[in-house]
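Here's the letter readout for the chains.
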Amino acid sequence: MSSGLSALPKRDLERLSAYLDGEISDKEAARLEARLEREPELGRALQELRATKSLLRSLPEVRPARDFRLTPEMVGERRRAPAYPALRLAAVLATFAFVLVVGLDALGQLNAAMAPEAMRVMATAAPEAAFNEAAPAQAPAAEAPRVEAEAVPTAEPLGGAAERAEAPLAPEARALEQAADQVLPAGTPCPECTPKVGEAGVLREATAPAPATAPQEPRVQTTAISAETTPAATPMPQRLLGLRLLEAALGLLAFGLIAAWLILRRRRTWPG
Amino acid sequence: MCHTAPRYDEPGMEETALIRQAKKGDLEAFNQLVLAHQARVYNVAYRIMGERDAAEDATQEAFISAYRKLRSFRGGSFRAWLMRIVTNACYDELRRRKRRPAGSLDALVQVGEDSAGDLQVMAEAAQDPEAAAEQAELARAIQDCMNHLAPEFRIVAVLADVQGYDYKEVAQAIGKPVGTVKSRLARARARLRECLQRHGELLPAAFRLESETIP
Numbered sequence: 081m082s083s084g085l086s087a088l089p090k091r092d093l094e095r096l097s098a099y100l101d102g103e104i105s106d107k108e109a110a111r112l113e114a115r116l117e118r119e120p121e122l123g124r125a126l127q128e129l130r131a132t133k134s135l136l137r138s139l140p141e142v143r144p145a146r147d148f149r150l151t152p153e154m155v156g157e158r159r160r161a162p163a164y165p166a167l168r169l170a171a172v173l174a175t176f177a178f179v180l181v182v183g184l185d186a187l188g189q190l191n192a193a194m195a196p197e198a199m200r201v202m203a204t205a206a207p208e209a210a211f212n213e214a215a216p217a218q219a220p221a222a223e224a225p226r227v228e229a230e231a232v233p234t235a236e237p238l239g240g241a242a243e244r245a246e247a248p249l250a251p252e253a254r255a256l257e258q259a260a261d262q263v264l265p266a267g268t269p270c271p272e273c274t275p276k277v278g279e280a281g282v283l284r285e286a287t288a289p290a291p292a293t294a295p296q297e298p299r300v301q302t303t304a305i306s307a308e309t310t311p312a313a314t315p316m317p318q319r320l321l322g323l324r325l326l327e328a329a330l331g332l333l334a335f336g337l338i339a340a341w342l343i344l345r346r347r348r349t350w351p352g
Numbered sequence: 157m158c159h160t161a162p163r164y165d166e167p168g169m170e171e172t173a174l175i176r177q178a179k180k181g182d183l184e185a186f187n188q189l190v191l192a193h194q195a196r197v198y199n200v201a202y203r204i205m206g207e208r209d210a211a212e213d214a215t216q217e218a219f220i221s222a223y224r225k226l227r228s229f230r231g232g233s234f235r236a237w238l239m240r241i242v243t244n245a246c247y248d249e250l251r252r253r254k255r256r257p258a259g260s261l262d263a264l265v266q267v268g269e270d271s272a273g274d275l276q277v278m279a280e281a282a283q284d285p286e287a288a289a290e291q292a293e294l295a296r297a298i299q300d301c302m303n304h305l306a307p308e309f310r311i312v313a314v315l316a317d318v319q320g321y322d323y324k325e326v327a328q329a330i331g332k333p334v335g336t337v338k339s340r341l342a343r344a345r346a347r348l349r350e351c352l353q354r355h356g357e358l359l360p361a362a363f364r365l366e367s368e369t370i371p
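Respectively, the protein sequence lines represent chains E and C. In this text, residue positions in the first sequence follow the working numbering: the first is 81, and each later residue adds one. In this text, residue positions in the second sequence follow the working numbering: the first is 157, and each later residue adds one.
Every clue listed holds true.
Keeping only pairs whose Cα atoms sit at most 27 Å apart, straight-line, the calculated BS3-like set for lysine-lysine is:
#1 C:K180 with C:K225
#2 E:K90 with C:K324
#3 E:K90 with C:K332
#4 C:K324 with E:K107
#5 C:K225 with C:K179
#6 C:K179 with C:K324
In short, the hints are calculated from the structure, not lab data.
Please model the complete structure; the sequences and the hints are all you need to start from.
So this is what it looks like as structure tokens:
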């Protein structure tokens, strides 16, 4: 059982095959057609090629038994932590609530403290106020304790604790810290110059900027200290104390949520 | 059982957008491309490998590889680019099998299984179960002959004749000039013709008549 195709010269076989697919030039096709009329074995070979092609073409499409869509695991990607978007929203909401309460409190304090002395003290605290304004609201709890630590030695353990809590944070938090360090030198001359004013001056400076700056939980403590040591300070009303506690709680909540979000985000971007 | 002839063309607007998104690492966008092409890619792999499991492995491997190499896709026919990846995956697997003949027994068993896919499709397509069985037998004979072709000839026959791609697209898929496609396809057809004549009783009358005229 032999085929006419195997006996055909290689060049003729290629020409016939390409002619069948319409893949030769018009000139070549015309020459081949003239030969096909003269050479019956060439015509037979063309028929065999055509039948083979149509037989292959008749093979049915097969349906794949499964789906080939890729999963993140297949391409070495990690799935997003499921709590991540919810956590981010909660952090944003807590930060917003914190800033709102602090802002309202600060406004109330500003209205109450219109005395000239209070104005003067506030003017000396301007660099610190500027720092607090410059600091992004995203991580207020992280920065404020540092400012307080510069002015009041008793706040240092708290500031240190805040720094330790900051340590596991993502690069973003570290960038914030660096930014805070860069701003701080502008504020540092104050603690240096305060010894001239005296011990009471230091305490006053530590407490006086409080209404204008973002109040933090360490600040609740410093105000308490000032209440004990400075006779001029009036006892804090019950409502105000509640407000401070609320601020502290919100600040802690916002800080905790942001820290958790940043840690989760950093874990997610680790190569799987 | 007719195929609609695929046309050589550039990716559509929607496909271009999906490719752009997938290049940025959007796996969902890439999966839309997988959905659009998986049947075609699998069919090519099935005809080259001759059996389902190996075809599924090659298809999955091809899509993973395509996702990783997507940045190297510089326009043109996305389908031909995919074909190149899947034919390479099949070619590598066939060479691996040739190097380790221990698996040849498995391969023989699997060749026997290959008609399962055709049988299923044929049974659905034809009302007459007897005709469907005959069709399945024919498909098995064709596949058997294809499995005896050297991979480089088999790939060209699958792309050009089974899938109906033009020479330019086949050339793009195998990364060789059109002239190579032309000569490989001609030789593949001649060898398949010789092989199919041994299954004379299965072949349609038109095919047998031609062979009987040969002395």
